[in-house]
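**Student:** Each chain, written out:
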Amino acid sequence: MSPGPNPDYCEHFNALGEQLPGAGSAWVNHARRMALAQFDQQGFPSPRDEDWRYTNVSAIEKKRFKPLITSGDAAADADWLNRYRLTDAWSLVFVDGRFSARLSDIHDLPEDVTVQAMSAALANPPAAVEAEFGRVVGQTSRHGFVSFNTAFFTDGVLLHVPADTVLSRPVQIIHVASQPEAATNLRNLVILECGAQAALVETHLSMESAGSLAVSITEAVIRERAQLDGYLLHGASQRAFRFGGFYVDVGTAGHFTHTNLSLGGLLVRNEIHVDLAESGQCALDGLFVGQGRRHVDSHTRVRHRGAHGTSRENYRGVLSDRSRGVFQGRIVVEPQAQKTDAQMNNRNLLLSDEAEIDTKPQLEIHADDVKCAHGVAVGQLDPESIFYLESRGVDPVSARNMLTFAFANTLVDGISLAGFRDIAQDALLALFPEAGIRKDWL
Amino acid sequence: MMLDIENLHARVEDKPILQGIDLQVSPGEVHAIMGPNGSGKSTLSHVLAGRSGYGVTGGTVTYRGQNLLDMAPEERAREGVFLAFQYPVEIPGVSNIYLLKAALNAQRKHRGESEVDAMDFLRLVKEKIRSLDLDEQFLYRGVNEGFSGGEKKRNEILQMAILEPKLCILDETDSGLDIDALKVVADGVNALRTAERSFILVTHYQRLLDYIKPDFVHVLAQGRIVKSGDASLALELEKKGYGWIEQEMAAVA
Ligand SMILES: Nc1ncnc2c1ncn2[C@@H]1O[C@H](COP(=O)(O)OP(=O)(O)OP(=O)(O)O)[C@@H](O)[C@H]1O
Ligand SMILES: [Mg+2]
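So the protein lines, in turn, are chains P and F. With the first sequence counted from 1, adding 5 to any position gets you the numbering used here. With the second sequence counted from 1, adding 137 to any position gets you the numbering used here.
By construction, these hints were calculated from the structure, which means they are not laboratory data. Wrong hints could be hidden among the right ones.
Unchecked claim - Below are the SDA-like pairs computed for lysine to any residue, each with C-alpha atoms no more than 20 Å apart in a straight line:
{"#": "1", "chain 1": "F", "residue 1": "LYS376", "chain 2": "F", "residue 2": "ASN174"}
{"#": "2", "chain 1": "F", "residue 1": "LYS265", "chain 2": "P", "residue 2": "VAL33"}
{"#": "3", "chain 1": "P", "residue 1": "LYS444", "chain 2": "F", "residue 2": "PRO229"}
Stated by the list, open to error - Cβ-to-Cβ under 7 Å is the rule here; a few derived chain F residues that face chain P:
{"#": "4", "residue": "ARG188"}
{"#": "5", "residue": "PRO210"}
{"#": "6", "residue": "GLU211"}
{"#": "7", "residue": "ARG215"}
{"#": "8", "residue": "TYR235"}
{"#": "9", "residue": "ALA239"}
As the list claims (entries may be wrong) - Some chain F residues close to chain P (C-beta under 8 Å, calculated; not the full set):
{"#": "10", "residue": "LYS152"}
{"#": "11", "residue": "ALA186"}
{"#": "12", "residue": "LEU220"}
{"#": "13", "residue": "PHE222"}
{"#": "14", "residue": "GLN223"}
{"#": "15", "residue": "VAL226"}
{"#": "16", "residue": "ILE228"}
{"#": "17", "residue": "PRO229"}
{"#": "18", "residue": "VAL231"}
{"#": "19", "residue": "SER232"}
{"#": "20", "residue": "LEU236"}
{"#": "21", "residue": "ALA243"}
All of these numbers come straight from a predicted model, not from anything done at the bench. We put the beta carbon where it would ideally sit given N, CA and C, even for glycine.
Construct the complete structure from the given sequences, taking the supplied hints into account.
**Tutor:** Right, dumping it as structure tokens:
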């Protein structure tokens, strides 16, 4: 391959070659090589790209993180991990992008349901994987993180649920980055056949010292009447970089819900893109918390391409210190998507003069008989509420902390998956230790 | 003396609102304050509770021998001053029971007492909430979140019942209540009446005073207490409105 602007990545790819999953499969190799060529040309996204206007990732470009092939499995301390583990779930744990059988639990799966590490799945890829891999992301996002991930992914999860099967437990993906200066790439594929139902929980973490880049891309195909509930908790250390993409294709009368809790990392971008067919529904909730010098970007896109679809979006941001938050929410209603009902809301709490929020809702409506609304709010804590708490004996500092926590907690409180809600609440409390919120009182 | 207000003047921005309030409240007494809209009743309640944004430009307020105006709002609360808000605030994300516990424990800590036992607390709260005819579910909802007007008012009384203040200031707690709820709230207040605890009831309606019999009724107009009397004054106001008092005032001036 001729060296473009990213020669060391190309060299690196050639060196890794055979060790990447699916190396024995022609179409996987082809997809990787195409992606590498594309990445070689485009590099990571630039702020000149409208979709990346508010998030400058040149720090990632400069750092030249090396895609990893070795796993630091031993570094992941099971006790620490267990705090993030759902008690009743099939769990797949990845350390530095590699599956750890030792830390995972995928026993007692129902027949016909596939929950498998991508590395294992690609040793002998089922036809459905070949048919769907790259399709959903390809119709919506083609920037450098996607091609980088496609070229370099080392593992991930394949979740395939047959028609009319309801998974009794959630599937949890836990990823731990343990090494500094490394890039890890996970690639997940979810296929829910007609009428199937599943919950997928993604938990992305990093060890304190790991100033690494974690890229994770999930494609989900939700066929007719199927339902996927996705949950994301990103709680990586203050030095971590992340790009996370979740791309979803919802079939007729299908249903997708997603809760995005972006609570950690230094430079973070999450994309959630959903395509809705006729009568499809989606509900996207999100909370991003910026502290210190964090930059956290939530980029959502809902495309209504069939009639009678419903979308709900509710994102909240809490920004303090010198942090910066970005919310870009785009709703596209195609001409044929009559009777669409779309609502988007983004509320932000700015707790410091130096914190910043860029919020940009966009409605792009090409049909005439639709109901679309969006609302944005940026504000500080309400003095009336502070006084109300003070008048009940709460000191002003605690009152402010309680209100800040409350603002964020409304989102966490609304999470229907109880086990995840509990873990999320712990993670949220850990972000506001000075608030002195008593978990046992909540 | 529970509360001694002397010649209190307060303003909002440049606008004088309280223009020389005098009011003495002894332990165990119930004082009703009535008066036209905008006369300064809520302002007085807020100034007593320590809300910022008001400039006290003259006068003194002594609460149980202490200079009340020198105390931070949370200190006043911990020392036993309670304001039931005319418009209680909604705080989604913090449960009602959480706030009750935080408030009670802040007060106990202030008195050098240990944290309330979780089981005792739950028992106490459940007993009180039943007596206010509120479902237990209200404990686990966000503070006042989505409560109806009447539910919010009952919730204020619930907080009051848990905190057992020494001086209770109720700012139009009866407004917006239906007849049954009014009775429930009045019962709640009456249950708290003791020889030590004092009440200031701000109200527009004689009806509340049928249930909670005041020792004194005051008329606040244009930032001053212009007339005081016993419970019969409220009846007279109900019949005649405020016009005649304003005429009396005009005649004096
Ligand atoms: N923050 C403020 N800024 C400007 N004016 C204010 C403010 N707060 C109160 N006022 C004014 O002070 C006056 C007294 O208001 P207050 O709320 O104390 O009246 P009130 O007697 O409680 O009336 P109501 O019976 O309607 O509740 C009103 O004219 C009101 O507009
Ligand atoms: Mg008032």
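**Student:** Are LYS376/F and ASN174/F close enough, with their CA atoms no more than 20 Å apart?
**Tutor:** 17 Å, holds
**Student:** Take the shortest C-beta to C-beta distance between VAL231/F and chain P; is it under 8 Å?
**Tutor:** With a closest approach of 4 Å, the VAL231/F hint holds.
**Student:** Is the interface hint for LEU236/F satisfied, with its Cβ closer than 8 Å to some Cβ of chain P?
**Tutor:** The hint holds - LEU236/F has a Cβ within 8 Å of chain P, the shortest such distance being about 7 Å.
**Student:** With chain P as the partner, please determine if VAL226/F meets the hint condition of a C-beta pair closer than 8 Å.
**Tutor:** 4 Å, holds
**Student:** Was the hint right that ARG188/F lines chain P, CB cutoff 7 Å?
**Tutor:** Interface hint status for ARG188/F: holds (5 Å vs cutoff 7 Å).
**Student:** Under the criterion that the straight-line Cα-Cα distance not exceed 20 Å, is the pair LYS444/P, PRO229/F satisfied?
**Tutor:** 16 Å, holds
**Student:** Should the interface hint for PHE222/F be scored as holding, given a Cβ-Cβ cut-off of 8 Å against chain P?
**Tutor:** Holds, about 7 Å.
**Student:** At a threshold of 7 Å, is the proposed contact between GLU211/F and chain P supported by beta-carbon distances?
**Tutor:** 5 Å, holds
**Student:** Could you check if ALA186/F really has its C-beta closer than 8 Å to a C-beta on chain P?
**Tutor:** 5 Å, holds
**Student:** Using the nearest Cβ pair, does LYS152/F come within less than 8 Å of chain P?
**Tutor:** 19 Å, violated
**Student:** Using the nearest Cβ pair, does PRO229/F come within less than 8 Å of chain P?
**Tutor:** 5 Å, holds
**Student:** Does ALA239/F pass the interface hint, meaning its C-beta sits closer than 7 Å to a C-beta of chain P?
**Tutor:** 6 Å, holds
When the structure is compared with the earlier hints, violations turn up for hints 2, 10, 14 and for no others.
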